[in-house]
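Engineer: Given chain Y, put chain U in place with the hints provided.
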Amino acid sequence: MSRSNGNIQSQKFLSRPAVQATLAALLCIVVGLLIGYIALLIISPAGATQAIITILKNYFTYPSKAAAMKYLGNTLVKAAPLLMCALSIQFCYQAGLFNIGAAGQYVAGAGAALFCALALHMPWIVCLLAALIAGGIFGIIVGLLKSYLNVNEVISGIMLNWIGLYTVNMLLSGVKEVASPYTVNVATENPGALLPSFGLDKLFSNNKYVTIAIPLAVLIAILLKIVLSKTVFGYEIKATGIAKDAAKYSGMKEKRNVITTLFIGGALAGLGAAFLFLSGYEQWSVTQSSVPSMGFNGIAATFLGGLDPIGTIFASYFIQHITSGGSYLDKNIYPSQISDFISAIIIYLCGFVLIFKLYLNNYLGVKEEKAKEKTTASANKEEGGNK
Amino acid sequence: MAGNSEYAIEMLNITKRFPGIIANDNVTLQLKKGEIHALLGENGAGKSTLMSVLFGLYQAEEGIIKKDGVEVKISNPNDANDLGIGMVHQHFKLVQCFTVLDNIILGDETTKHGFLQKEESRKKILELSDKYGLKVDPDAKIEDITVGMQQRTEILKMLYRDNEILIFDEPTAVLTPAEIDELMEIMRNLAKEGKSILFISHKLAEIMAVADRCSVLRRGKYIGTVNIADTNQDELSRMMVGRDVQLVATKQDKEPGEVILHVENMTVPSKLHHNNAVKNVSFDVRAGEIVCIAGIDGNGQTELVYGLSGLENCTTGKITLSGRDITHASIRERSTHGMSHIPEDRHKHGLVMDYSLAYNLVLQRYFEPEFSTKFGFLKKGEINKYAERLIEQYDIRSGQGAPTIARSMSGGNQQKAIIAREIDKNPELLIAVQPTRGLDVGAIEYIHKQLIAQRDSGHAVLLVSLELEEVMSISDRILVMYEGELVGEFNPKETTPEELGLYMAGAKRKEITA
Numbered sequence: 069m070s071r072s073n074g075n076i077q078s079q080k081f082l083s084r085p086a087v088q089a090t091l092a093a094l095l096c097i098v099v100g101l102l103i104g105y106i107a108l109l110i111i112s113p114a115g116a117t118q119a120i121i122t123i124l125k126n127y128f129t130y131p132s133k134a135a136a137m138k139y140l141g142n143t144l145v146k147a148a149p150l151l152m153c154a155l156s157i158q159f160c161y162q163a164g165l166f167n168i169g170a171a172g173q174y175v176a177g178a179g180a181a182l183f184c185a186l187a188l189h190m191p192w193i194v195c196l197l198a199a200l201i202a203g204g205i206f207g208i209i210v211g212l213l214k215s216y217l218n219v220n221e222v223i224s225g226i227m228l229n230w231i232g233l234y235t236v237n238m239l240l241s242g243v244k245e246v247a248s249p250y251t252v253n254v255a256t257e258n259p260g261a262l263l264p265s266f267g268l269d270k271l272f273s274n275n276k277y278v279t280i281a282i283p284l285a286v287l288i289a290i291l292l293k294i295v296l297s298k299t300v301f302g303y304e305i306k307a308t309g310i311a312k313d314a315a316k317y318s319g320m321k322e323k324r325n326v327i328t329t330l331f332i333g334g335a336l337a338g339l340g341a342a343f344l345f346l347s348g349y350e351q352w353s354v355t356q357s358s359v360p361s362m363g364f365n366g367i368a369a370t371f372l373g374g375l376d377p378i379g380t381i382f383a384s385y386f387i388q389h390i391t392s393g394g395s396y397l398d399k400n401i402y403p404s405q406i407s408d409f410i411s412a413i414i415i416y417l418c419g420f421v422l423i424f425k426l427y428l429n430n431y432l433g434v435k436e437e438k439a440k441e442k443t444t445a446s447a448n449k450e451e452g453g454n455k
Numbered sequence: 005m006a007g008n009s010e011y012a013i014e015m016l017n018i019t020k021r022f023p024g025i026i027a028n029d030n031v032t033l034q035l036k037k038g039e040i041h042a043l044l045g046e047n048g049a050g051k052s053t054l055m056s057v058l059f060g061l062y063q064a065e066e067g068i069i070k071k072d073g074v075e076v077k078i079s080n081p082n083d084a085n086d087l088g089i090g091m092v093h094q095h096f097k098l099v100q101c102f103t104v105l106d107n108i109i110l111g112d113e114t115t116k117h118g119f120l121q122k123e124e125s126r127k128k129i130l131e132l133s134d135k136y137g138l139k140v141d142p143d144a145k146i147e148d149i150t151v152g153m154q155q156r157t158e159i160l161k162m163l164y165r166d167n168e169i170l171i172f173d174e175p176t177a178v179l180t181p182a183e184i185d186e187l188m189e190i191m192r193n194l195a196k197e198g199k200s201i202l203f204i205s206h207k208l209a210e211i212m213a214v215a216d217r218c219s220v221l222r223r224g225k226y227i228g229t230v231n232i233a234d235t236n237q238d239e240l241s242r243m244m245v246g247r248d249v250q251l252v253a254t255k256q257d258k259e260p261g262e263v264i265l266h267v268e269n270m271t272v273p274s275k276l277h278h279n280n281a282v283k284n285v286s287f288d289v290r291a292g293e294i295v296c297i298a299g300i301d302g303n304g305q306t307e308l309v310y311g312l313s314g315l316e317n318c319t320t321g322k323i324t325l326s327g328r329d330i331t332h333a334s335i336r337e338r339s340t341h342g343m344s345h346i347p348e349d350r351h352k353h354g355l356v357m358d359y360s361l362a363y364n365l366v367l368q369r370y371f372e373p374e375f376s377t378k379f380g381f382l383k384k385g386e387i388n389k390y391a392e393r394l395i396e397q398y399d400i401r402s403g404q405g406a407p408t409i410a411r412s413m414s415g416g417n418q419q420k421a422i423i424a425r426e427i428d429k430n431p432e433l434l435i436a437v438q439p440t441r442g443l444d445v446g447a448i449e450y451i452h453k454q455l456i457a458q459r460d461s462g463h464a465v466l467l468v469s470l471e472l473e474e475v476m477s478i479s480d481r482i483l484v485m486y487e488g489e490l491v492g493e494f495n496p497k498e499t500t501p502e503e504l505g506l507y508m509a510g511a512k513r514k515e516i517t518a
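Line by line, the protein sequences give chains Y and U. Throughout the first sequence, residue numbering follows the working numbering, covering 69 to 455 in sequence. Throughout the second sequence, residue numbering follows the working numbering, covering 5 to 518 in sequence.
Extracted from the complex, chain Y is given alone in its bound form:
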């Protein structure tokens, strides 16, 4: 008897969506790493085991705790913008929109933040707002095209990615270093535009790139979770996403909702760019001819995170963790892109998350049925005489 009780409890636990999402994500990660390991074996069997451990260890490679903390800081600095892009895609996805334009919205945000910082010498808060608005405007363009002209958001998003890239390259050409294609260093040109750290850098062995961007990104994720699950706005967004016609029938302004959603999505991606470039960690290259991958990696993080803002926090960190870990590989033997390869496989496998959930639910369903049949069968036996 107690055994079957335990069974029922574990089944209940397994049928919770959050548990299923986590299990599925872990499965993807394990299989992804395994395939990555096989790839390493093929390239060079001798150091493969060491290599995969290096990727997983990332900053733990450093023996001293101080150094490890410092490089953990670096991983987090890059995880924050990734998280923002992932949230952008996720928020739109809830409204039934695939915001592949997040990459372009990120670019627009980077351009606006850096232009305000370097050309206009504005303080950080203005730069941050400029990035938010620029990203948002890119989102609104997609939203307007979608609502009023029925242009698919994927098409207009991809086109805007390129328009954004070259516009920003042009815009920032005025503030680049003389001898290189990179924009001038924010720290030397306008230190007031650097995001404040409020002492956070102390926690990470004085890593000067660690700023309020990191806790802000996490806070925004939690905020989105609340908006989506507890507010009238979230109710409308999700209804519009899963049942457009029912949303219209109920009197929701589905056009306005689409535009608002894409504005928020764009603003999130734009903010993400500001989080990175206003930390001074990276400079923009005005000769780059491909859209930065941050926006696209966000797709991976959001799916690995089970399309849940909280799950996405962990997923973004993990993807950045192995990406950073990849840079410690022996470049003479392995290309550092092996981490990208592993993340790519994990992303691919994320597609199977749904299949995994389906199988798990089917399995649980069959079990439940059998249990039910048993109880009804015995009940029928008991009342058989009455019939």
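Any given hint could be a false lead.
Stated by the list, open to error - Straight-line C-alpha distance at most 27 Å; calculated DSS-like pairs for lysine-lysine:
| hint | chain 1 | residue 1 | chain 2 | residue 2 |
| --- | --- | --- | --- | --- |
| 1 | U | 37 | U | 128 |
| 2 | Y | 80 | U | 389 |
| 3 | Y | 306 | Y | 293 |
| 4 | Y | 323 | U | 429 |
| 5 | Y | 316 | U | 275 |
| 6 | U | 122 | Y | 306 |
| 7 | U | 429 | U | 322 |
| 8 | U | 384 | Y | 293 |
| 9 | U | 378 | Y | 306 |
| 10 | U | 389 | Y | 316 |
| 11 | U | 128 | Y | 323 |
| 12 | U | 207 | U | 378 |
| 13 | Y | 321 | U | 383 |
| 14 | U | 429 | Y | 306 |
| 15 | U | 207 | Y | 321 |
| 16 | Y | 298 | U | 429 |
| 17 | U | 122 | Y | 316 |
| 18 | U | 139 | U | 122 |
| 19 | Y | 321 | U | 453 |
| 20 | Y | 321 | U | 429 |
| 21 | Y | 80 | Y | 323 |
| 22 | Y | 298 | Y | 138 |
| 23 | Y | 321 | U | 275 |
| 24 | U | 128 | Y | 316 |
| 25 | Y | 323 | U | 275 |
| 26 | Y | 312 | U | 383 |
Claimed, not checked - Take a look, some chain U residues computed to stay more than 10 Å from chain Y by CB distance:
| hint | residue |
| --- | --- |
| 27 | 317 |
| 28 | 328 |
| 29 | 329 |
| 30 | 339 |
| 31 | 461 |
These are calculated hints, taken from the structure and not from any lab test. Beta carbons are placed, not taken as given, at the ideal position from N, Cα and C, and that holds for glycine.
Structural biologist: For chain U alone, kept in the frame of chain Y given last:
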């Protein structure tokens, strides 16, 4: 030849289980040669599963199938075809841009050196058409011909393949009364020529009219087989539902009150065909009456309702609700100011299928102060309490109550949820579009009672229905719609289904004054 059995096809003790339900529990169905055998049951009674087993789409766990007394194994639809079993599906499976001839030979073409031999096929089709009185034009395209002719094409498809066992799945749902009579005649002819016919339906009157015997299923169980000559509608309905059912709704006479809905010269464009689906329509609905728009599917009823509810803008005309001009009001304004709408397609419009029942029950009210704070947060406690009340009051059954996902509920209970939501708004005007479509007798009885209760409490009800039985039994006034226009107004007590049928088919019309 082994064909000395009395039965053309026998399905003996069939049991088919799915996770969660036993769809067919020891079901036996014996179809005699040359008879019309009705298979009666509510939705979800297991009729479709049984037919799918016969067609080899599912394999039964227990039981055997016999053809002419010999056991056969049907593991896919091709096997069924080889055994001469054919089916006219409820939703026709025809290629719209092909001709009748092309559709009939599709999949069974006569060829010579890889070229189609259409002349031979045409000859055979014309012969069959003559023999059974199935009038079709072999060269007309499907998209241009009437539903009745499309159905005859489907029947010819079976005959062309020399099928001996013909299955008709709810064949009358899409037909006018005259076309239904014609179909019955065709079925009798086919039976006379030795074909065995299985007639799946839940319309008792039709079964009484055409069938020789009737087998009844209820919740997957085989209830019994009766000779039509020895039974009546009441007995059949009792077998089908398991209790006595009031087949005809009763209502007291009532003098209608003031005008609630006034529609003047309304024109609504059609999205599908780039013309006007509703042409210059005028009518009134008064307090305390049920006005029914009757007509064959696709004559502008859908667009008429879209225009009234605001889902589509009307190009001309004026709509007033209780004296207020709402011609240009938004959907929400109409829904919060006295209009309720039970939509035609409950999955597409009526419900957010992946939302909980509770969320669906506040679909038009979630923004009201009762259910949300002024900072835009939902009051989940209040929403649940409200949902619990409606569930209790309207007897909405679901797996887990308020948190049940709408998708997992039965069709009847989904419809109950919509009706509860719409009626609880206490509307001045209730628009109900095919509210009983696809529901079983018990649910239909319930919905009719609710509509009549609305009328009795002095509200105006506009009912759009394709079912003449329903139209005749619950309306106070009938408007017939044909090709986007209202072509006749009737008192149900002074008209007959046959007369309505003539107007519905466009054979007759008269002027209406609003």
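Engineer: Quick check: which numbered hints come out false for this structure?
Structural biologist: Hints 6, 11, 12, 15, 17, 19, 21, 22, 24 and 30 are the ones this structure does not satisfy, whereas the remaining hints hold.
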